[in-house]
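Q: Fit chain B to the given chain A structure using the hints.
Protein chains: 2
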Amino acid sequence: MINKNAFRNLSYGVYVVSTLDGDRPTGCVANSAMQITSEPATIAVSINHDNYSNACIEKTGKFAISILTEESDPGLIGIFGFQSGKDVNKFDGVEALEKEGLSVVADACSYLVCKVINKMETATHTVFLGEVIAADVLKEEEPMTYAYYHKVVKGKSPKNAPTYIAEEEETVQKEEKWVCSICGYEYRGEIPFEEVPEQFVCPVCKQPKSVFVRK
Amino acid sequence: MINKNAFRNLSYGVYVVSTLDGDRPTGCVANSAMQITSEPATIAVSINHDNYSNACIEKTGKFAISILTEESDPGLIGIFGFQSGKDVNKFDGVEALEKEGLSVVADACSYLVCKVINKMETATHTVFLGEVIAADVLKEEEPMTYAYYHKVVKGKSPKNAPTYIAEEEETVQKEEKWVCSICGYEYRGEIPFEEVPEQFVCPVCKQPKSVFVRK
Numbered sequence: 019m020i021n022k023n024a025f026r027n028l029s030y031g032v033y034v035v036s037t038l039d040g041d042r043p044t045g046c047v048a049n050s051a052m053q054i055t056s057e058p059a060t061i062a063v064s065i066n067h068d069n070y071s072n073a074c075i076e077k078t079g080k081f082a083i084s085i086l087t088e089e090s091d092p093g094l095i096g097i098f099g100f101q102s103g104k105d106v107n108k109f110d111g112v113e114a115l116e117k118e119g120l121s122v123v124a125d126a127c128s129y130l131v132c133k134v135i136n137k138m139e140t141a142t143h144t145v146f147l148g149e150v151i152a153a154d155v156l157k158e159e160e161p162m163t164y165a166y167y168h169k170v171v172k173g174k175s176p177k178n179a180p181t182y183i184a185e186e187e188e189t190v191q192k193e194e195k196w197v198c199s200i201c202g203y204e205y206r207g208e209i210p211f212e213e214v215p216e217q218f219v220c221p222v223c224k225q226p227k228s229v230f231v232r233k
Numbered sequence: 019m020i021n022k023n024a025f026r027n028l029s030y031g032v033y034v035v036s037t038l039d040g041d042r043p044t045g046c047v048a049n050s051a052m053q054i055t056s057e058p059a060t061i062a063v064s065i066n067h068d069n070y071s072n073a074c075i076e077k078t079g080k081f082a083i084s085i086l087t088e089e090s091d092p093g094l095i096g097i098f099g100f101q102s103g104k105d106v107n108k109f110d111g112v113e114a115l116e117k118e119g120l121s122v123v124a125d126a127c128s129y130l131v132c133k134v135i136n137k138m139e140t141a142t143h144t145v146f147l148g149e150v151i152a153a154d155v156l157k158e159e160e161p162m163t164y165a166y167y168h169k170v171v172k173g174k175s176p177k178n179a180p181t182y183i184a185e186e187e188e189t190v191q192k193e194e195k196w197v198c199s200i201c202g203y204e205y206r207g208e209i210p211f212e213e214v215p216e217q218f219v220c221p222v223c224k225q226p227k228s229v230f231v232r233k
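As they're listed, the protein sequences go chains A and B.
Count the first sequence with the working numbering and you get residues 19 to 233, in order.
Count the second sequence with the working numbering and you get residues 19 to 233, in order.
Everything labelled a hint here was simulated from the structure, so no lab data went into it.
Just so you know, even glycine gets a beta-carbon here, dropped at the ideal spot from N, CA and C.
Among these hints, one or two may not hold up.
With the Cβ distance kept under 8 Å, some of the chain B side facing chain A (calculated, not the full set) [what the hints assert, rightly or not]:
no., residue
1, I20
2, A59
3, M138
4, H168
5, P180
6, Q217
7, Q225
Below, simulated DSSO-like cross-link-like pairs (lysine-lysine); rule was C-alpha separation at most 27 Å, straight line [to be verified]:
no., chain 1, residue 1, chain 2, residue 2
8, B, K137, A, K169
9, B, K104, A, K169
10, B, K172, B, K157
11, A, K77, B, K224
12, A, K80, B, K22
13, B, K224, A, K169
14, B, K172, B, K137
15, A, K195, A, K22
16, A, K172, A, K133
17, A, K133, B, K157
With the rest of the complex left out, here is chain A (with noise of 0.2 Å):
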């Protein structure tokens, strides 16, 4: 017997994973990154199949990871999770640090830049395992565990993560809500949802107002 919900207990953080699409910088949202070995210093990031960074990880061979925090703009995870790089610039207003020829977020509490030493295929997921190159601390704050954005910014995850379906088996809650459909973001201001000013945007995916839906 398999049953899903089992998996929600582990424990991640929430990252963006940047790397170059030729000379234009380019990443995605990951949760799922660990140190494998500490002398040299290596990590390991599951990026999947159908996400464009994948693609071009292989290409540079190079990737860097922001780690956000829960001070971290929540819009972060809507601009790299949401949206594909083969169609936007994502790194477009966001303030960004170069780091050993790559872009890394500005408003996260660390970086690592990593170059790609072996990789694993799986059905779905490329795991790039990365020698760090380059580190360093940006700012004092708590990391943003998956955890944190799941009960506290009530996110959903993109549909390439390995925990969206499990997600999708989840049981609903009885409280009427509004809801983005776009990213998944709850509603949880003072003023009832229908009196909200219609240049309202959600502050995770910057989408309108109009694609809340009741739940």
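A: Relative to the frame of chain A, chain B by itself:
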């Protein structure tokens, strides 16, 4: 420049990874486990070559992950993380459940049993990719994160963990304290440590009062 403190902002859980040594159950503590694919569900787990469990997983082709919680007995970390399964039967005295032929820790919020379908070797660790063959939720408690273990239980990493070196570089705190020299547990009882009865044992690794050192 590689500042290893940057790595400490990656988020992890605290897991007992168990397998079989012949007919005898054995296991170790791991922080590095993550879901890779959802259909079929697969999990990657990273185990040091020096951990006896590594060779045992290699032989049996199966492992189980028990996800510890904030309420789990921290002594489990001492039992599975600070001694070798070569010398002792780690499951002696541990309440366990039999799942698909493997022992899982009963004092956990979830378990996942996996059969190894791929692996990636690194300098010091094997990353095993396991297809989940059984999984369930055991109780509704907050999963223990590595950050919680570090901050609240105040334990340190077993020396085979990839996080080990980073921790050794940690800035030493000013306040005097009594710390277990075996597992790093910091005494925080109400009465001064000097007045604690001689029968006191470390709640994490069960070593006697005499192994505590003033820091």
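Q: Could you run down the list of hints and mark each one as holding or not?
A: Results of checking the hints against the structure:
For I20(B), the shortest C-beta to C-beta distance to chain A is roughly 5 Å, which falls under 8 Å, so the interface hint holds. Because the closest C-beta pair between A59(B) and chain A is about 7 Å apart, less than 8 Å, the hint holds. For M138(B), the suggested interface contact is upheld, since its CB lies about 4 Å from the closest CB of chain A, less than 8 Å. The beta carbon of H168(B) comes no nearer than 12 Å to any beta carbon in chain A, farther than 8 Å, and the hint placing it at the interface is violated.
Proximity of P180(B) to chain A holds as hinted, the smallest CB-CB distance being about 4 Å (cut-off 8 Å). About 35 Å separates the beta-carbon of Q217(B) from the nearest beta-carbon of chain A, more than 8 Å, and the hint is not met. The closest approach between the C-beta of Q225(B) and any C-beta of chain A is roughly 25 Å, which is over the 8 Å cut-off, so the hint fails. Between K137(B) and K169(A) the alpha-carbon distance is near 33 Å, which puts this suggested pair outside the 27 Å criterion.
As the CA atoms of K104(B) and K169(A) are separated by approximately 41 Å, the hinted pair breaks the 27 Å bound. Restraint check for K172(B) and K157(B): the C-alpha separation of about 24 Å stays at or below 27 Å, so the hint holds. Restraint check: the Cα-Cα separation between K77(A) and K224(B) comes to about 51 Å, which exceeds 27 Å; the hinted pair is violated. Between K80(A) and K22(B) the alpha-carbon distance is near 19 Å, which keeps this suggested pair within the 27 Å criterion.
Between K224(B) and K169(A) the alpha-carbon distance is near 36 Å, which puts this suggested pair outside the 27 Å criterion. Of the pairs offered as hints, the one joining K172(B) and K137(B) is violated, with about 32 Å between alpha carbons and a cut-off of 27 Å exceeded. For the given pair, K195(A) sits about 25 Å from K22(A) by alpha-carbon distance, which is consistent with the 27 Å threshold. A hinted pair counts as satisfied when its Cα atoms are at most 27 Å apart, and K172(A) with K133(A) does not qualify at roughly 33 Å.
Taken as a hint, the K133(A) and K157(B) pair is broken in the structure, with Cα atoms around 40 Å apart against an allowance of 27 Å.
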